[in-house]
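Just so you know, the protein sequences line up as chains A and B, in that order.
According to the UniProt record's numbering, the stretch in the first sequence is residues 1 to 465, in order.
According to the UniProt record's numbering, the stretch in the second sequence is residues 1 to 586, in order.
No lab work stands behind these hints: they were computed from the structure.
Think of the CB as a built atom: it goes at the ideal place given N, C-alpha and C, for glycine as much as any other residue.
Some hints could be false.
[To be verified] Output of the computed footprint for chain B on chain A, the stretches with three or more beta carbons under 8 Å from beta carbons of chain B: (1) 183-193; (2) 294-303.
[Stated by the list, open to error] Within a straight-line C-alpha distance of at most 20 Å, the following computed PhoX-like cross-link-like pairs (lysine-lysine) qualify: (3) B:163 - B:240; (4) A:237 - A:345; (5) B:6 - B:104; (6) B:104 - A:264; (7) B:83 - B:115; (8) B:126 - A:345.
Each chain, written out:
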Amino acid sequence: MVRTVYSPEYCLQYLEQYASQEIFVTGLILGQITDARENVIHIARTPEEKGGEAISNDGSFASEKQDPVKNLLGVSEAWVADHAKHVTRMLPGGMFVLGIFITSDEDVFEDPNYFSKVKTILNYTYKVLNTNHLMFANCPHSNERLILHMSTNTKVLTCKSIEVGPSKNVAIKPVEWKFLSKPQQWQRLDCYYEFDEVYPVIVKKSGISVKQQFQQILESSHKTIESSVMFLDGELKDPSEQLEQLIKKKKTKNSSKTAQEVPKSMHVSLFVPFENALPETVEYLECDGSIHFSGIVASSVFMYPKASVGEAIAAVKQDIIRSLASRFTMHCDALIDDNLLPEEKVCFNEPPRRVLVPVGSLYLCDYLFPGEAPAEALLSVRELLDLQITEADVICDIETPADTSEFDALDRDTSSEELLATPQEASQFMYITGIAFAFLVLFVSIFIHYYDSISEFMRKLLTIS
Amino acid sequence: MSPRLKISKYVIERLSQIDTEESTGCLYGLMYDGILLVVGLSLELFEKEKNTYNQLLLNLPAEIELCGVIKFSDCLTIENKTKEILQDVDITDNPLVIIISQEKDIKAHFLVHDKFEETSYEVMEKDELWKQFLHVRLNTILPLTCEATIAGVKNILQNKRKKIASGQVSFHIDGTAVYLFGIASDVGVTGTSTEANIGELIDSMSAEQPSKKKKVNIHSLDIVPVNLVMKTTKDILSDKLVKTAVKMMTTQRKPAFCISMPLKVDTLAMIHRNTKLSELYTVLVEAACRSLRLLESVLLEQLGQEGIGDGAGLRLPETFHYLPEQLGHFLTRVVPKAIPDESMERERIQLHEQLALPTDKPMFRRGNAYTTYGGRLVNPHEALPLPSSGPNVTVALVRGRYTYHHYMQDNFNDDGWGCAYRSMQTIFSWFRYQGYNTTNIPTHREIQECLVNIGDKPTTFIGSRQWIGSTEVMFCLETLLGVQSRIIFANTGAELQSYTPELIHHFQKHGSPIMIGGGVLAHTIIGVEYNSEKNETRYLILDPHYTGADDITTVVGKGWCGWKTSDFWNKTAHYNLCLPQTRPCI
């Protein structure tokens, strides 16, 4: 059976728009593979390579804008891989970069030079995405990548697939690409995964960096989440059952409701069993303090309704880990001082938070650093997804930024703080300082409000004396 | 209204045997169907102004609570100290007061509005108790990391208890799809009907027909295994949802020491079979909290000790459950790993005294713990009808637990030569399960190696199929366990009967199985019966020559374990008996 891929209709117009301008364009195909069906959710042009960066590397001064790449052979595979890496951060669990599209006048499948370039791009991207396995950037159960080509001359669309990665299989397989006239329905699954972990800081001779610490947290979280049991709407489900069936069963229970309803989101809860593989000894360690890792990861995953419960579970687990990994990478890339234990007694690391951005009938995500406005998300959507959205479209209340006053309060008086203190203690302290501060503000505002009358009164006093 | 009262037969038996100078004791019981069932008792030692019963409660399965006091006097007067105990009774509004007179007369009263009302009671027979009640056993491992100080340990364990009591945990019954949820979830039970009870669940889990009334065997009680999972997601619909994104806060402090360990929670609850699964959640939370308190006390005790005060020498706490024959309920102890039983004698003496148990044999050493015995038959003789007793009949039996070792076990073919080895293994099992030691039961090869090491046999003996006799059994017991034995020689099978008084004395004083070798056969004697009127002796024999499967019906039905008359012995053969001796200890 020929592999079949279903795509939203607007993708056709998207391709035609570039093809009719007779320009060469390459981009990424994003979507979801389930046993029931393969769905493309979006295709996005890879942004034009910024001349500046490439040139500054070899030291020349020609910083003027370069001519756009005219054909496939001029495309840098590193650039495409970088695009794929950034786009993966924006994908919820269960969604992957499935391949690339090309609009050009040459037939990329016929010309051996072009085809070998396509292979290089796909293989290089595969390699780059594999470097951080906790990003789940490469689809774990398929190494067959799509190549979608639209000829700028004939506007004929061809789709094929090749295998990437360690396999030596060189076969080119045909793929049937179908456009859906109606927008695809998605089953949404939501959860808020909560972290509240206290770790000792164990400093090795080489010192410890924020990056290493985040990596440790990421790895231990991955293990925990992988071992967890997942419930959908409070019930344990058979992994082979279809999501759609669960909804239908519910509908028949309260049959008064009409079938026209938009499928509601399913609530996911995760339960973690405790690890049994720990060594049966008491470890006694010298430590330099403690780390409190806390807060939530908001997860919204979109599944093809005929996907199985098992596939949905895998997607949710991937989503939480991918989101953690994305934030940690972005945070560390932006760090100036990577030392976990700087001069200050208390050190606060606040990675960017997740926001949702609409793409078609579902949501992808983006990350905002503390202090960044939702408008920043528009930039990444335009740059990486080649989409225009408005600021109002960005959903930024799924997660809230950390309350830094908590950190300020702790910084002021660390001596009162017990090692490995509970967060409750910290917030109590915050509460008291909060009240004190409120009073100060009150006094100052009273003073300002009555400044005139007070000064007049003072003047009177002075004149009398 | 005061509840109906039932008292376990175990409690009645122990009460009637207590000989104490203490004036007061405590009663422990549980409530079901409007009935108060008394299952245990302790003597109140009033030590160090501390109420010892509060500590003891942590050692009892969850659901068993303080329910009243015992007064060893002829009249009903209550002093202040007793009043204090009665005020601690939470399980019922009407605490129970039992008066035991000099004549061991037992009278029960409920305290109703400060007045005593005498009440009648029903005795619950032992079989009935184990039939109606079962245990759930919660096992989980909590990773624990905290500062190596008393405050650090207290703080973290309090947090763990809070977390468990917060409704965020869920309990999963092993091998089923049944999960029990707390208040943090909308549903209470999933995987079964909400009306289901625990008895039905356990019947459906076991392959046997529930209709077939099986005989209750105290060595294999119904224990439902449960594990714990922690909810890590927040309820989306909750108004209290705080959505702060993940962040990391590092607090420096130098120098500091911390300890990190897998804290093994292993805890029991005793519940009636009719308990609904939906009611089980709070029971399990209580069981987990009891266990954490017990674990905490062992950690704190160690941290308070000199030498390991800084936590460097801290040992992992290990949990053991005990069900001594006369107790009638489980008792859980937590001890630091690898600390020898011998050096914890003081605590055990106190426990024996508190529970009014005999102080001449171990009951709470590691070896005494309740186990599954690796699939072997435990005390098969208990399936036999008791020998008829009379004024002229004296019966003396093996005491405590042993496992039945016989030919062909462990996939090892010793048919025709291994009977004495197997008899020795049964004796070893007895010493192990009586808690005298924790030595593993030796294999044939280990027995042979032992005999070579002490110079009794040449090296070619190892791996051979040579027979051994009573003296070899004696040597091995001495070398491997430090157990002394008495050897009796009987010139003929007929002469054996003249040693009947010695055998009766042995079982009454020591209670260990006896190995007997004669002619080409070795057997294990686990009891004697002497009829003085007829001058007849019968022997309870455990035969190691059995080659079949460990099936109690066959073993008992075909006489592999059974009573034999003197004709059993070969009239003309010599017989040697090895009688392993015990020393009084705790």
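Going down the list of hints, with the structure as the test:
no., hint, result
1, 183-193, "holds (count 4)"
2, 294-303, "holds (count 5)"
3, B:163 - B:240, "holds, 17 Å"
4, A:237 - A:345, "violated, 47 Å"
5, B:6 - B:104, "holds, 18 Å"
6, B:104 - A:264, "violated, 71 Å"
7, B:83 - B:115, "holds, 13 Å"
8, B:126 - A:345, "violated, 63 Å"
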